[in-house]
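Protein chains in written order, with the working numbering: chain D, 1 to 235; chain R, 1 to 231.
Source of the hints: derived by calculation from the structure; they are not laboratory data.
Don't take each hint at face value.
With a straight-line cut-off of 35 Å between C-alpha atoms, the simulated DSBU-like cross-links for lysine-lysine are [said to hold, decoys possible]:
{"hint": "1", "chain 1": "R", "residue 1": "K63", "chain 2": "D", "residue 2": "K130"}
{"hint": "2", "chain 1": "R", "residue 1": "K63", "chain 2": "D", "residue 2": "K227"}
{"hint": "3", "chain 1": "R", "residue 1": "K128", "chain 2": "D", "residue 2": "K130"}
{"hint": "4", "chain 1": "D", "residue 1": "K226", "chain 2": "R", "residue 2": "K128"}
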Amino acid sequence: MFDYKFDWAIVTSGQYFEWLVSGVKVTLELSAVSIALSFVIGLLIAVMRMSNMKPILWFSHAYLEFFRNTPLLVQIFFWYFGSYKILPQGINDWLNARDFEFAAAVIALTIYTSAFIAEDIRSGVRSIPKEQMEAARSSGFSYLRSMQYIILPQAIRITIPPLINQFLNLTKNSSLAMTIGVAELTYQARQVESYTFKGFEAFTAATLVYIAISVIITGLVTLYSKKVLSPMGVR
Amino acid sequence: MDAGFDFTVIWDNMAHFMIGRYPSGPIGGVLLTFYLAVVSLVLSFFGGLILGLMCVSRNRVIKYPILAIVNAVRGMPLLMVIFWMYFLLPALMGRPTPESWTVIMALTLFTSAYMSQIVQAGIEGISKGQTEAALSTGLHHWQAMLFIILPQGLRNMIPSFVNQFVSMIKDTSLAFIVGVSELTHVATQVNNRTMIYPTEIFLFIAVVYFIICFAFTSLSRWLEQRLAWRK
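The shape of chain R in the complex, shown without the other chains:
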């Protein structure tokens, strides 16, 4: 056991942990973590919706290739997806991609695959009678899906989306690997600079992540009760 803890290192670097080198440099720390998570969440909401709808499509030419892609992505570690983006994005775009976009794209692809499963389950959870009723009133199949099934399904999906957001916040820590200075990266920087306070630093950022994620986990539980259909 070492000589005890010294948390002054945390207070001295608090601004760095929270906003990075902003305003004299780019944003970082908790702020960047939020930025990465929110942007990726919005993108993967639409990505997941589109992939999910394709997965329940009655057109086999759409359904099976998309299912294969979704399952392939779900079979990969997120770290692998990040490395793929790191190599492929610049090659596809023909110019260097900012690291933060590499991470956002990787998180979006990865989470869209998981979101599509939530969307699929949400759609399948709506009773068949609803589709039949919609179709018999003369709606087209896609209209029935868009105006009748999806709005009801989305409501059921909200808690799962919030849970995905929690995973997303945790997953942004992997941005560390390509040098994006979000909270985990800032922590390793401070740790490299100060050398002797790793326990304090990593404990501190664990608590920061915990506070953020626990708030959203609680929100998702509350929503789950709040949004449950009253029978």
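Just chain D, same shape as in the assembly:
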């Protein structure tokens, strides 16, 4: 390694630089779509998890435990290789006509992360005193409306830091999409490595991008905790 000649130019300009940039774009797209979907599904599962109806409770409980306790990679493979047997033919055709790798990655990332998000939201909700719900119910709100107007708006504020951490995890986890051929950042870094043998430079570039994303987001969360949560008295 010590007689290795560094050539940073290949990752700062030219064709390989463009590959990496397109990788960053795909990583961000994949993450953004999955973040939006996993938030919606996570919220839904969290509300189901707190319901009083036994079947809904059981379903959401099983969902949480199953998807939290299986590796994301296996879930990705399952959706990519195995979903054709459980999805209706129409959906299969529709997906195959498009970017199926991307779709499978989105489905896996969404479902995996939504289970973690649901748990975070649930602990946020549990930190809201019970009396709030009782007060809401006794002033005539239905269960769902009390959730919607009274409990969730407060809980979400507390849940934002752990939620954003989950989004960050999702962004890092999106690197696993390379295993099914989604041309995101890690995939492109590896691609540059195999074309040029300049693995050190390519992986340094990709690593720096990941760390930059993480530093920016962690910084924002810290700022939010200081400016918003501390004045509210939340630790």
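Starting from the structure of chain D, add chain R where the hints point.
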């Protein structure tokens, strides 16, 4: 919808899923998954402990560089850490490294960074009075940490360590990428060979992972209640 499921492919390859090509070849499957997870867990327990103690050190020259490294590793996807190890280990050692050690080292580095946060939180969770009392009885600062604070902190950390072990078992699936034949890799091999049963195969290994991880998640919950300080 296809013609339904056929799980005979699972039974036919059961030994392969569980122990790989052992005893006629190297171990693999679930056994190797366990091996990778246990070895990495033991190593990253000590790694996390050392890094965690360095992070709460009062010596700035130790504290800030270590904090920077820990945060850098936490900002990286595990896959990246594995690729780094894949390139760096042979270069540093000057000879080829077995893939399983590449993975163990990557998992250890990655999990140590997370463990150090648990250790840090565990230490900070012990009240300041304990340190003050220890110091006033004449213990040195490091003695107070080693004999008074850490034993109490470690007890609080046990459930989080078990949770990390669960993550570790899930993370061993990434060993697939460098060709280590743990459970996920075996599954892709069987899938490549049989071609037409991907749903059954990946569903099956998902269930295997689930059973293992759920057992440990439950253990961690039980420990959490069991070990809570009675007030």
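Original post:
Between K63 (chain R) and K227 (chain D), does the CA-CA distance stay at or below 35 Å?
Top reply: 26 Å, holds
Original post:
Taken at face value, is the distance from the CA of K130 (chain D) to the CA of K128 (chain R) at most 35 Å?
Top reply: 32 Å, holds
Subject >> Given hint K130 (chain D) paired with K63 (chain R) - CA-CA distance at most 35 Å >> reply: 42 Å, violated
Original post:
Given the hint that K226 (chain D) pairs with K128 (chain R), does the C-alpha gap stay at or below 35 Å?
Top reply: 23 Å, holds
The structure fails to meet hint 1 from the earlier list, while all remaining hints are met.
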